[in-house]
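Kindly produce the complete structure, drawing on both the sequences and the hints.
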Amino acid sequence: MLNVALAKGRLAESCADLFIRCGIRAEVLKEETRKLVLETPDKKFRFFFVKPSDVPTYVEYGIADIGIVGKDTLLEAGADLYEMLDLKFEKCRLCLAGFPDRNSLSAPHLRVATKYVNTAKKLFLSRGEDVEIIKLNGSIELAPLTGLSDVIFDIVQSGGTLRANGLVVLEEIFDISARLVANKVSLKTKAAQILPLISKMKKYIGE
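Be aware that the sequence shown starts at 1, since it is given in the UniProt record's numbering, and climbs by one per residue.
Hints may contain errors.
[Stated by the list, open to error] Here are the computed lysine-lysine pairs in the DSSO-like style, where the Cα-Cα straight-line distance is at most 30 Å:
1. Lys-121 / Lys-35
2. Lys-88 / Lys-115
3. Lys-35 / Lys-122
4. Lys-121 / Lys-30
5. Lys-202 / Lys-91
Bear in mind the hints are in silico, worked out from the structure with no lab data behind them.
Set out below in structure tokens:
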């Protein structure tokens, strides 16, 4: 049995469609249920529903053989696993954003609000910039509005929330999409299951 870590919600729905197209009996993923562990009728796949930020952990420790998670989560986690495939859905951008009429990024002591603390630290360290990283867990756009930070470092999809709060994208840093990841040991011991699945997925995402 192949164990798969997924985050519930829209991403899991997209994954279900992809798995079904690949010939996996994953209709179980479309059922309304509070169960956290689901199996396909043929017992070939077991799905674990976890928080998005926990997907890399379950895969790294081998509880799940593979997982599907956003690139932003992978960057932040820094987990010891293999990133196998860009699935090309759930696309967005990881950006620096702030007020349009202020040269915020040139502030002498830049204050950056974000939930992506590790990623932000690596980014500014690579630039040789000394900044103050302020960790927030939600409503990141509020930070510049209240003076808590000069800019934010966050996911942007349509940009609607930014515009509604008078903010704009100042710099696009990373393109983000869903990625298939694999446990390093599982890729060897279950290669006969994982590699054909990847080949089928490549076919359906146009690679």
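Status of each hint after checking the structure:
Of the pairs offered as hints, the one joining Lys-121 and Lys-35 is violated, with about 37 Å between alpha carbons and a cut-off of 30 Å exceeded. Restraint check for Lys-88 and Lys-115: satisfied, since their Cα atoms lie roughly 23 Å apart, inside the 30 Å limit. The hinted pair formed by Lys-35 and Lys-122 fails the criterion: a straight-line CA distance of about 37 Å is larger than 30 Å. With a C-alpha separation of about 38 Å, the suggested pairing of Lys-121 with Lys-30 is violated against the 30 Å cut-off.
For the given pair, Lys-202 sits about 17 Å from Lys-91 by alpha-carbon distance, which is consistent with the 30 Å threshold.
Going through the hint list in order, the structure does not satisfy hints 1, 3, 4.
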